[in-house]
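Undergrad: Residues per chain are reported as follows:
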Amino acid sequence: MSIFVDDDTRVVVQGITGGEGKFHAGQMIEYGTNVVAGAVPGKGGQEVDGVPVYDTVDEAVEAENADASVIFVPPAFAADAIFESLDTDLDLAVAITEGIPTQDMAKVNKRLSETDTRLLGPNCPGIITPGESKLGILPGNIFSEGNVGLVSRSGTLTYQVVDNLTERGLGQSTAIGIGGDPIIGTSFIDALEAFEADPDTDAVVMCGEIGGEDEEQAARFIGEHMDTPVAGFIAGRTAPPGKRMGHAGAIVSGSGTGTAQSKIDALNEAGVPVGDTPEEVADHVEEFL
Amino acid sequence: MKLHEHQAKSIFADAGIPVPDSRLATTVDEALDAVDEIGYPAAIKAQVHVGGRGKAGGIKIATDRDEAEQYAEEILGMDLKGYTVDQVLVEAGVDFVDELYVGVTMDRGEGKPVLMVSTEGGVDIEEVAEENPDAIAREHVDPAFGLHPYQARKVVYEAGVDADVALDVASILSTLYDLYEENDASEIEVNPVMITDDRDVVAADAVMNIDEDALFRQPDLAEMAEESYEDDLERKAGEYGFDYVRLSGNVGIIGNGAGLVMTTLDLVDYYGGAPANFLDIGGGAKAERVTQALDMVFSDENVDAVVFNIFGGITRGDEVAKGINEALEQFDEIPKKVVVRLAGTNAEEGMEILNTDLVEVEKTLEDAVQRAVQNAEEVTQ
Chain A
1 MSIFVDDDTR
11 VVVQGITGGE
21 GKFHAGQMIE
31 YGTNVVAGAV
41 PGKGGQEVDG
51 VPVYDTVDEA
61 VEAENADASV
71 IFVPPAFAAD
81 AIFESLDTDL
91 DLAVAITEGI
101 PTQDMAKVNK
111 RLSETDTRLL
121 GPNCPGIITP
131 GESKLGILPG
141 NIFSEGNVGL
151 VSRSGTLTYQ
161 VVDNLTERGL
171 GQSTAIGIGG
181 DPIIGTSFID
191 ALEAFEADPD
201 TDAVVMCGEI
211 GGEDEEQAAR
221 FIGEHMDTPV
231 AGFIAGRTAP
241 PGKRMGHAGA
251 IVSGSGTGTA
261 QSKIDALNEA
271 GVPVGDTPEE
281 VADHVEEFL
Chain B
1 MKLHEHQAKS
11 IFADAGIPVP
21 DSRLATTVDE
31 ALDAVDEIGY
41 PAAIKAQVHV
51 GGRGKAGGIK
61 IATDRDEAEQ
71 YAEEILGMDL
81 KGYTVDQVLV
91 EAGVDFVDEL
101 YVGVTMDRGE
111 GKPVLMVSTE
121 GGVDIEEVAE
131 ENPDAIAREH
141 VDPAFGLHPY
151 QARKVVYEAG
161 VDADVALDVA
171 SILSTLYDLY
181 EENDASEIEV
191 NPVMITDDRD
201 VVAADAVMNI
211 DEDALFRQPD
221 LAEMAEESYE
231 DDLERKAGEY
241 GFDYVRLSGN
251 VGIIGNGAGL
261 VMTTLDLVDY
271 YGGAPANFLD
281 IGGGAKAERV
291 TQALDMVFSD
301 ENVDAVVFNI
311 FGGITRGDEV
321 AKGINEALEQ
331 FDEIPKKVVV
341 RLAGTNAEEG
351 MEILNTDLVE
361 VEKTLEDAVQ
371 RAVQNAEEVT
381 Q
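Protein sequence lines correspond, in order, to chains A and B. 1 is the number of the first residue of the first sequence in UniProt numbering; add one for each residue after it. 1 is the number of the first residue of the second sequence in UniProt numbering; add one for each residue after it.
If you're looking for bench data, these hints aren't it; they were derived computationally from the structure. Given the structure is predicted, the values throughout are model-derived calculations rather than measurements. There may be inaccurate statements among the hints.
Covered, in the sense of this in silico footprint (three residues per stretch, anywhere, with C-beta under 8 Å from a C-beta of chain B), are these stretches of chain A [what the hints assert, rightly or not]:
no. : region
1   : 150 to 157
2   : 178 to 189
3   : 267 to 280
Glycine included, every Cβ here is placed at the ideal spot set by N, Cα and C.
Please build the complete structure, drawing on both the sequences and the hints.
TA: See the structure below:
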């Protein structure tokens, strides 16, 4: 089993005719994902790599029974694309786009609270259930099937940790990048809750970074609600306050909230060992299993 | 992106928020002309993006022309926490009887903007938040509806602002919220709002930060961002479009993806080195980006050694390797030792392409970082 996506997930790619959308739709198909449609305004009736394109998400759902979307739409139009997914009542919308204005995301967030659609991202690498389905830009070849769940704010850091796991024969049930922006859909807690409920996930890796208080809240959730063991990693120990470290969300405020130390302390308090290096994270997972 | 105080105040003034009379000056003569027009007392305020300017000596109040000259000479050109002051704001002093704090920011946890008001203005608000959180009244705004005017009044009354000025303060707060929305601000703060003897309300300071991701639809503010760079390297990074942060160490770091670059910084520190910078070349970088990144790090005189760490997803190892070769082949002598680690997409092809006469190669992140730290140590010894 797995969480959020599997063999049956039927995907519509929003922005499939753009450079990135086209490339990654091809990569997803190659991995075995059911990419059933594309949605691009004004491009209805075309085909991309044999995938039919529709003008709206609504039409794509109607014609192809899509139940999830992946969004490769430039920042200026991305919030609109997310609204389209939410208003079409898809089960899952994965927003890859980096650089969506925060005030746009505040409006999306409000709408999200009124729908049943799960939003992943934005500014995320997507989600993969190895051997079944991948929605996003994660390089499929580094993942392997197994029983370790992984949830992370960062894309390339996910790849690094997965590489360390795979090298030791520790495969993954599902790996999720929740995104590096200040306002995101699926949180650490949402993912952890799902992993806890998944009988085929026997250990979880959580990779956080500086900024906000999501990791602290996740730590409390782990302490109170999880039996599945969790190993942690926190990036940004050396980040100075007030500087945005690449991700819009990765910033330690002047008052000292969002520091790596506060996150590491909270995780340790919940019984979660935090690795000093990605290699040490893999050590902890190996001990769990 | 942070605006300077004088930039934020001109936006405030245009929106009808009362601010003290002021002039911008870049020389002592200009500063003196400004005080001659404004009168005394006059505040001389360094225009740099540094917190705690006052405590660090960047704000002085002049009561006559001699003092004004002395302070302008002191402050212009001074080094404030690593930044050189090249502009001062000369501003009419305000006689006040009370100071308030008002602000608008995004509450990440709630995903909503929040208004904040406190009667404990004029001091470090973060200290107030920590020691006496009840002294700050808060009101969340539904981003779909925007601000209802009653909300500004409610939070002002709740904070305990004097009744005779409460509506004036609420009106300023309401305008600040409009500015927050119109300008895609991430934060607007006025600390303090001064209440004068005559019960006038004046915005005596102004902090305004803009969401960098929204600059594409804020052309005027994007121009101000250009003026706001205070460091040649930061300016260069802006031109190249890199996410770049300068730090104080001597190990230069280049990588892809914010989380992994931060991790590389942390590992440099963990293995006993000191990171010189954060530089994320982003996803899908081609050879040219790689050359630009190396140029950035080589132009930082603090850098003694470099680690280049790429885990390719959409970024291809062979492209990166080509860029590294091209960049380094231009030099008769490599200015700083570069350790490269490539993993992920096309990493093996990349490793084969890399010219090992020019760079050192390591297979794991840990080994690459340790070697770069060692290289930096050898230079400083």
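Undergrad: For this structure, which hints from the list above don't hold up?
TA: none
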